[in-house]
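Protein chains: 2
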Amino acid sequence: MISPHLVHFESLVPDTETHARRGRLWTPHGIVETPVFMPVGTVGSVKSLTPDDLYADDVRIILGNTYHLYLRPGHELIRDFGGLHKFINWKGAMLTDSGGFQVFSLKGIRKIEEEGVTFRSHLDGSKHLFTPEKVIGIEEAIGADIIMAFDECPPALESRAYFEKSLARTTRWLHRCNNAWKREQSSLFGIVQGGLFKDLRRRHIEEVCALDLPGFALGGYSVGESPEEMHEGVADCAHLLPADRPRYLMGVGTPVDLVTCTMAGIDMFDCVLPTRTARHGLLYTSQGKVVIKKKALYQRDEGPLDPNCNCYTCRNFSRAYLHHLFITKEILAMRLNSIHNVHYLVTLMARVRKELEQGTFAAFAKEFLNSPAACR
Amino acid sequence: MISPHLVHFESLVPDTETHARRGRLWTPHGIVETPVFMPVGTVGSVKSLTPDDLYADDVRIILGNTYHLYLRPGHELIRDFGGLHKFINWKGAMLTDSGGFQVFSLKGIRKIEEEGVTFRSHLDGSKHLFTPEKVIGIEEAIGADIIMAFDECPPALESRAYFEKSLARTTRWLHRCNNAWKREQSSLFGIVQGGLFKDLRRRHIEEVCALDLPGFALGGYSVGESPEEMHEGVADCAHLLPADRPRYLMGVGTPVDLVTCTMAGIDMFDCVLPTRTARHGLLYTSQGKVVIKKKALYQRDEGPLDPNCNCYTCRNFSRAYLHHLFITKEILAMRLNSIHNVHYLVTLMARVRKELEQGTFAAFAKEFLNSPAACR
Chain A
8 MISPHLVHFE
18 SLVPDTETHA
28 RRGRLWTPHG
38 IVETPVFMPV
48 GTVGSVKSLT
58 PDDLYADDVR
68 IILGNTYHLY
78 LRPGHELIRD
88 FGGLHKFINW
98 KGAMLTDSGG
108 FQVFSLKGIR
118 KIEEEGVTFR
128 SHLDGSKHLF
138 TPEKVIGIEE
148 AIGADIIMAF
158 DECPPALESR
168 AYFEKSLART
178 TRWLHRCNNA
188 WKREQSSLFG
198 IVQGGLFKDL
208 RRRHIEEVCA
218 LDLPGFALGG
228 YSVGESPEEM
238 HEGVADCAHL
248 LPADRPRYLM
258 GVGTPVDLVT
268 CTMAGIDMFD
278 CVLPTRTARH
288 GLLYTSQGKV
298 VIKKKALYQR
308 DEGPLDPNCN
318 CYTCRNFSRA
328 YLHHLFITKE
338 ILAMRLNSIH
348 NVHYLVTLMA
358 RVRKELEQGT
368 FAAFAKEFLN
378 SPAACR
Chain B
8 MISPHLVHFE
18 SLVPDTETHA
28 RRGRLWTPHG
38 IVETPVFMPV
48 GTVGSVKSLT
58 PDDLYADDVR
68 IILGNTYHLY
78 LRPGHELIRD
88 FGGLHKFINW
98 KGAMLTDSGG
108 FQVFSLKGIR
118 KIEEEGVTFR
128 SHLDGSKHLF
138 TPEKVIGIEE
148 AIGADIIMAF
158 DECPPALESR
168 AYFEKSLART
178 TRWLHRCNNA
188 WKREQSSLFG
198 IVQGGLFKDL
208 RRRHIEEVCA
218 LDLPGFALGG
228 YSVGESPEEM
238 HEGVADCAHL
248 LPADRPRYLM
258 GVGTPVDLVT
268 CTMAGIDMFD
278 CVLPTRTARH
288 GLLYTSQGKV
298 VIKKKALYQR
308 DEGPLDPNCN
318 CYTCRNFSRA
328 YLHHLFITKE
338 ILAMRLNSIH
348 NVHYLVTLMA
358 RVRKELEQGT
368 FAAFAKEFLN
378 SPAACR
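Those protein sequences? They're chains A and B, same order as listed. Reading the first sequence from the start, the letters are residues 8 to 383 in our numbering. Reading the second sequence from the start, the letters are residues 8 to 383 in our numbering.
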């Protein structure tokens with residue numbers, strides 16, 4: 008354990024009506040105002056976007072995926088280049104997951120043991136072993152400001168017996184991660200699992216937060232359960248995470264998820280959904296979700312995608328042009344759509360922060376969740 | 008025929024040693040300094056690039072493809088939106104080809120008659136007829152600053168007898184195009200054909216240039232002949248086109264082609280090659296062509312793609328990162344590569360113009376064509 012942590016958190020304005028808080032996260036690569044949505048740059052780019060596109064969208068922190076970067080270009084190459092920041096020329100803050108989620112998604116080609124997880128690459132079938140120590144080494148080579156502990160992320164619908172066994176091992180792995188952690192510029196966050204078993208979640212929070220880590224995350228949501236089950240689970244336990252540390256809900260989510268789980272006390276969110284759905288022509292707007300391929304609706308629509316949005320796409324192009332680019336499979340469609348969806352979520356979180364500052368968040372959240380903008 | 012033409016040309020500095028000239032093209036959407044390379048926006052976008060990317064690359068004029076835009080989104084929709092400029096939000100100058108090249112590429116699914124060409128859409132097999140009158144109507148609906156006459160573009164290796172017959176028809180079609188042309192803001196350019204038959208080219212130049220059109224083009228090059236044959240053909244006839252009108256070489260080309268054919272007296276070039284090859288990882292640089300997928304060469308190369316280039320890609324990213332993006336098939340690779348290749352050709356032509364102004368073009372061209380930068 009390294010202390011004082013380089014990544015630290017300040018809760019500026021706790022909400023009086025919900026568990027939400029307006030906060031601020033200091034990192035070696037700048038301040039991140041919270042609650043915040045973090046776009047995912049899986050293999051070293053937020054798909055289709057340049058760093059400048061992200062700065063223009065007011066993105067201050069992005070994710071990298073340890074599993075993907077370990078396979079290509081390899082963490083040693085990244086370290087030799089002075090870290091992922093330099094390799095991809097990203098000047099903001101950065102977080103890497105532990106690869107656990109990806110490795111456990113490799114059904115049938117991985118084996119979990121006390122030592123770690125043996126898996127085969129989805130690219131070439133080559134055999135690899137991830138241990139807590141190895142993963143921390145990889146993450147430190149990648150050099151993000153925030154690195155995540157190596158955990159097991161079981162499907163939500165696994166049995167209680169399986170979770171009991173898995174959680175005990177994840178806790179042991181967390182201690183091994185903490186012992187392996189050496190790099191001061193990379194702050195280690197612990198991850199709480201437990202699926203939808205509320206008592207197991209609470210018990211695991213106690214175990215994980217017994218370590219004085221710079222931040223804590225809820226993992227194992229959005230892995231098969233319904234959104235309602237996820238919301239209920241997060242609402243039950245997020246506020247039990249330490250108030251003086253950032254609370255990160257991994258792999259979530261949609262506009263509805265962001266507002267709902269902010270109420271539960273979450274400060275940080277990440278999800279591939281807004282960029283993935285953008286590439287598939289599904290766009291969040293203040294008037295609801297737009298499925299841009301719909302000819303009858305959009306082929307002749309001269310208006311912007313979202314009249315209330317100030318992103319590059321909405322300032323410059325019509326729905327008709329976005330429809331045309333999408334159905335003709337022009338690459339530009341993916342980029343313009345991604346710029347918008349990222350901007351939409353970043354702007355939504357800026358609005359959430361403003362409402363928290365004004366003490367009007369609970370009313371805003373209620374109104375938002377009953378509006379057409381409450382997309383999933 | 009409309010006169011005086013809204014698009015007009017001034018030869019500023021004719022070269023004393025070659026047929027090259029430093030010129031200026033006035034259009035309703037700004038001045039274009041010549042010689043110039045024009046990127047191609049086939050279906051309403053220069054693939055992967057926004058208008059702002061193109062402005063940043065100092066692009067002042069782009070192309071649209073009549074055949075593709077006629078099929079999708081349709082010229083009537085474009086007209087209803089106030090033209091292609093507004094539809095795609097491009098503020099610079101614009102030129103549309105006549106669709107002839109595309110239609111004649113549809114081997115086996117088209118039929119040429121005096122009236123026009125019947126063809127089937129490559130998208131859905133639907134049957135269409137392009138006549139000179141219809142094509143001019145489509146181009147006027149699209150509303151580019153420069154529109155091209157509807158011609159037949161035979162393969163370079165067609166027989167002399169075929170060319171004789173085809174050229175006579177193309178001349179008759181040109182008169183029909185000229186009679187159909189009504190829109191003052193769209194200036195009609197005539198197209199000279201004739202393959203590699205020098206006498207036929209010269210005769211067709213006389214026939215085509217007998218009409219007082221605002222500009223003239225050489226079509227039917229880069230359609231099966233070798234680069235050397237193309238260079239020889241262009242060198243033989245380009246300078247015979249009227250000196251007071253812009254001379255446009257259609258569908259050409261590479262850095263070598265641009266410099267060589269500028270010597271022959273060409274003012275305007277277009278080609279899909281720089282953006283297409285960019286998407287395939289082939290990059291023009293001052294040090295020669297870079298095949299970015301080559302692992303042994305570029306996986307650990309920390310330098311910029313071209314140390315002499317000032318484009319966004321070269322200012323911000325290493326060859327190693329471009330290699331990584333390309334082999335991981337990230338969409339961003341296509342965009343960063345396209346930004347560079349377009350910038351490279353635009354900058355090459357800016358250099359050509361400067362050398363012409365200084366009276367040093369012939370020496371520059373000789374040196375360039377003997378340097379590693381003479382890519383094909």
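Hints were generated in silico from the structure; no laboratory data involved. Take these hints with a grain of salt, some might be off.
Treat identical chains as interchangeable: a pair holds within one or across any two.
Claimed, not checked - The list that follows gives simulated cross-link-like pairs (lysine to aspartate or glutamate, EDC-like), each with its CA atoms no further than 20 Å apart:
(1) K189 x E235
(2) K302 x E120
(3) K118 x E236
(4) K54 x E191
(5) K93 x E309
(6) K189 x D65
(7) K93 x D308
message = As a check of your reading, is K93 near E309 (CA-CA no more than 20 Å) within one copy, between copies, both or neither?
response = Answer is between: at 10 Å across copies they meet the 20 Å cutoff, but 41 Å inside does not.
request  = Please work out whether the CA atoms of K189 and D65 approach to 20 Å or closer within one copy, between two copies, in both situations, or in neither?
outcome  = So K189 and D65 fail the 20 Å test inside a copy (31 Å) and across (48 Å) alike.
ask   = How do K118 and E236 come out at 20 Å by Cα distance, when the copy is not named: within, between, both, or neither?
value = neither (29 Å within a copy, 63 Å between copies)
query = When no copy is specified for K302 and E120, does a C-alpha distance of 20 Å or less occur within a copy, between copies, both, or neither?
reply = Neither, since 52 Å and 35 Å both go past 20 Å.
task = Tell me, please, which holds for K54 and E191 at an alpha-carbon limit of 20 Å: within, between, both or neither?
result = neither (29 Å within a copy, 43 Å between copies)
message = When Cα atoms must be at most 20 Å apart, do K93 and D308 count as within-copy, between-copy, both, or neither?
response = For K93 and D308, the Cα distance is within 20 Å only across copies (13 Å; inside one copy 42 Å).
message = With identical chains, the pair K189 and E235 could be close in the same copy or across copies; at 20 Å between alpha carbons, which is it: within, between, both, or neither?
response = neither (39 Å within a copy, 63 Å between copies)
Consistency with the previously given hints fails for numbers 1, 2, 3, 4, 6, ordered from lowest to highest.
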